[in-house]
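Engineer: Let the sequences and hints guide you as you build the complete structure.
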Amino acid sequence: MELDDVPEPAVSSAELTALSEQLAASPYDFDAHVKYITELRRAGDIGRLKTAREHMAQTFPLPENLWKEWVGDESKIATTTAEKNHVLGLYKRACEDYLSCDLWSAYLSFVTEEYDEQLENGDDENPWLDLDGVRAIFDQADQAVGLHYTDGFKVWAAYRDFEMALCKRMSDASRGEQVERIREMYLKRLHVPHAQLRETLAEYAAFEKELDPAKSEERLKQIMKGYAKTEKICHEYDTSEEALVSSDHALSAYLNYLGMEKLPSKGANAARVRTLYERAIARHSLDSTLWDAYITDMMVMIDDELFIISIAQRAVRNCPWVAQPWSHLMRAMELYGRPAEEIEATYQRAFGMVSSLANMEEDIKLMQTRHDYKVRRVDWTQGASQEAKRAIECLVQDISAIHTAFPPGDPYLRLERTLLRIYLDRISDFDAARELFGTVTYTFPQQSEIWVLYAEFERQHGAPAHARAIFKKSSAAETDWPERIFESWLQFEREYGDVMDYYSALATITKKRATLETARVWAKTDSQPGPKVAAATKKSSGARQAQPKESRKHPRDPDADDANASSKGKKHKSNGNATPGSETVAAPEKAALPKPKPSEYHTVNSEMGGHMLYVTNLPSDVSESQLKDEFAKHGQIIDLYIQPNPETHETEAYVEFANVEQVREAYTVNGTELAGSTLQVARCKSARVPRSGFAGAKEAHKIFVSNLPTNTVKGDLRKIFEKFGKLGDIRLVVKDKTFAYIEFVDKESAAASLQADGTGLHGKTISVAISNPSIARADSKEVYMANLPDEINDADVKALFKDIGPVHAVRLQKTPDGRRFKGSAFVEFQTAEHAKAALSLNGTQWREHAISVTVPIPRGGAFRARGGGHRGGRGGYRGGGGPPRAGLGQGEVSNGHGVAGSTYLKQMTPSSLVPRTAARAGPSKTPKPVTRSEPKNGSAATTASSSSSRGPAPPHAGSKNQDDFRKMLAGKK
-6 MELDDVPEPA VSSAELTALS EQLAASPYDF DAHVKYITEL RRAGDIGRLK
44 TAREHMAQTF PLPENLWKEW VGDESKIATT TAEKNHVLGL YKRACEDYLS
94 CDLWSAYLSF VTEEYDEQLE NGDDENPWLD LDGVRAIFDQ ADQAVGLHYT
144 DGFKVWAAYR DFEMALCKRM SDASRGEQVE RIREMYLKRL HVPHAQLRET
194 LAEYAAFEKE LDPAKSEERL KQIMKGYAKT EKICHEYDTS EEALVSSDHA
244 LSAYLNYLGM EKLPSKGANA ARVRTLYERA IARHSLDSTL WDAYITDMMV
294 MIDDELFIIS IAQRAVRNCP WVAQPWSHLM RAMELYGRPA EEIEATYQRA
344 FGMVSSLANM EEDIKLMQTR HDYKVRRVDW TQGASQEAKR AIECLVQDIS
394 AIHTAFPPGD PYLRLERTLL RIYLDRISDF DAARELFGTV TYTFPQQSEI
444 WVLYAEFERQ HGAPAHARAI FKKSSAAETD WPERIFESWL QFEREYGDVM
494 DYYSALATIT KKRATLETAR VWAKTDSQPG PKVAAATKKS SGARQAQPKE
544 SRKHPRDPDA DDANASSKGK KHKSNGNATP GSETVAAPEK AALPKPKPSE
594 YHTVNSEMGG HMLYVTNLPS DVSESQLKDE FAKHGQIIDL YIQPNPETHE
644 TEAYVEFANV EQVREAYTVN GTELAGSTLQ VARCKSARVP RSGFAGAKEA
694 HKIFVSNLPT NTVKGDLRKI FEKFGKLGDI RLVVKDKTFA YIEFVDKESA
744 AASLQADGTG LHGKTISVAI SNPSIARADS KEVYMANLPD EINDADVKAL
794 FKDIGPVHAV RLQKTPDGRR FKGSAFVEFQ TAEHAKAALS LNGTQWREHA
844 ISVTVPIPRG GAFRARGGGH RGGRGGYRGG GGPPRAGLGQ GEVSNGHGVA
894 GSTYLKQMTP SSLVPRTAAR AGPSKTPKPV TRSEPKNGSA ATTASSSSSR
944 GPAPPHAGSK NQDDFRKMLA GKK
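If you use the working numbering, the sequence shown corresponds to residues -6 to 966, in order.
Any given hint could be a false lead.
Said to hold, decoys possible - Label-pair ranges, simulated between beta-carbon atoms:
{"hint": "1", "residue 1": "A11", "residue 2": "D372", "range": "56 to 62 Å"}
{"hint": "2", "residue 1": "Y405", "residue 2": "E640", "range": "49 to 55 Å"}
{"hint": "3", "residue 1": "G708", "residue 2": "P54", "range": "43 to 49 Å"}
{"hint": "4", "residue 1": "G82", "residue 2": "D372", "range": "40 to 46 Å"}
{"hint": "5", "residue 1": "A198", "residue 2": "D95", "range": "28 to 34 Å"}
{"hint": "6", "residue 1": "D95", "residue 2": "N598", "range": "36 to 42 Å"}
For the record, the hints were derived by calculation from the structure and aren't laboratory data.
Idealized CB from N, CA, C, for every residue including glycine.
Structural biologist: Here is the structure:
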């Protein structure tokens, strides 16, 4: 049977086959699914159309329009009872994906029509859909959307109309029970806040008047008190609903609405909160933070296994690339007693989806959830049991994987802390704990908290001499909070040392404090003498003064690179009076400029924060020309704008200069008079991590403006675009071609700004589009592959792309020693067209691995893949322009109480952290590859694996350091 409301087929059978093959190669291509289904529907190929729709529904949650089209087509051709039951099943699935009053209304309309047709045909004695079944579906609809403030009335009204139709079919003698049912529906609805409350009251009054005019007035009086209370609540909801409409249903408006709904005075009605979350999800289904809040609230409010797990499953279908929804799902499965094998399978699925897209933070979230579960399952009263050993082995493997993929590792030591607590509190393996303490303090010498914990451990389980040695070693290190170590050391000597021990510690601490204070003074005043100054001073004075180590290597000024860039490589000339062989020193060109304290910086949401000043206490009528006259004498002004403060409404201004040197010069304006007001000037700092390349995906809140005149300034752009919404950062690039990136605070404003496309500016017509960095390398001949099988070579990769086009070169990524394949590669094609076609294999299965094929993004002359890339700084797609943060390093672990060797850790194997009681079967002579899969029962050593659960691909070599990126952002080479 053919569909009768679709046009003639527009594609050939061969083209349909090509679309099918495209989907087989790229099963996660949403648009390809939609196109294939559309063409099959136009071709009237019902069989293949059903299969295609099922495949898409298994991969993605479908939007409302696709469900309507699907169930509409199926209902038209459903003639048998089995086919009609299939339509009911489709409606049920459709209503589970997202909350939709329109879908529920269509569902109820189908049910009502089928039931009425049965009655008309006289099939009421043996119906396929009986009255109880119809009412059960109406009840489900009312429970799902009945509390929807604006649209829930449609479903309730359909239910009422159905019951009214039944009442009319009954005789007068048998209507009594049905009348009471309808009356109860009205009375219940009048206690539910909804936008049509007055309409419901009017209909109820008409209903009672028609039944019994004499008693209708009395019945209305009985409900008016409750009605007045409901009406008052409706006024509060009206305000929130108006905010939703005025914001075009922005997520922030939904969150404010939810905040009101969850107030204690509201009673935090779980059903209403759930309905409101579902309304927000229907419009913002890809926002993982919304799913996170939804699941968290429902876990506390509703104890229902099927409901909670279904929400978590929907969350991972909508946001499979984020760790938190997967963590919620695994915790819910644990809460309701799902089998361990099912939870482990969920973890493996999660890691396969998350690791190729996220960074270390996402991986660690997943690992923590998994290990929390494993730790809770172990009966620790049995000590180092086999189950405990397996849990520890698994934890050690993940620590090693993180340390290998994101060197030097997790700076917060989250997994390491879990392992330490197991050693100390669960199995009392103090030797293993001591070894782990030695490893992490060697790798993270700057973390004072770890040093204090290490010393406290030795005090409790070792000897005072060991703890004292640790305090001495940590005091000599450059830590993030040395005072904490000092106080802990002195307290230790008061309790466990003698008088001389105390004074010896105090002398060491006093000397160290003086050194630290000197370094801090230098950092504060920016006037530390260099080595030549110190040498000249020493020779001229003739005094034998030993310089502390810190005087030779002091903390550097955060913006010293920009301030001193012009003086790099220049030699000072002799003044002509120096004696032969003596060091000559040039006098400083000018006095040190004032520098604010860190607490005095003003944080701005701009990558150019270091080039900006924040000016307050301005005259209310100050003009841009006045401020330009005041600040232009100190440097080139790139941008200047005046605005009222959003909170105080006082006048404030931002001034952007060409470089940091000019900012420091202009900072001297602080405290000067302007039109009778004393200006208050603050340096700005950026709240962002420096960009490390393109985001690799469409940025809905940001626009790209091109074809700009070379004389464009930021003020020109601000005048054009501020009318569309509140602006964020503006990045103007003036090179051979002038263009700009402009951020809005929300994506709705960015979308509205597209109206400015074609606007004239200084004689040129500008072009405006939503920023889409993923097209930045459309002409590249190279692709980046990740999550590749272990046992492959260049020929295997070339064979994979044989149908795409000729491959020019394959570069398999290996560890620095060349021994291990990282699971990633760069593939260069003969043409850019072939490289673009190769992207169609992204997400396909190859040798039981879901491989990633993406466009590499330029960075420092090399390329990296989108979505992970260099894992420096905060890692992954969130930026990470700076050097990697401190974390678990790589090196050789000694067999004693600490770490041997003077070089940085080169390799940490899982066996180095396995407790001695778990490693007695014999140490492994050669470190084996790390795997994320569950260790086999009884195994005490790490096993090799080529499973697809391998950890994230290691970072690409050649990342720039923090100074390079600071210069780059300042426009210096």
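Engineer: State the violated hints by number, sorted upward, taking the hints as numbered earlier in the document.
Structural biologist: Of the numbered hints, just 2 does not hold.
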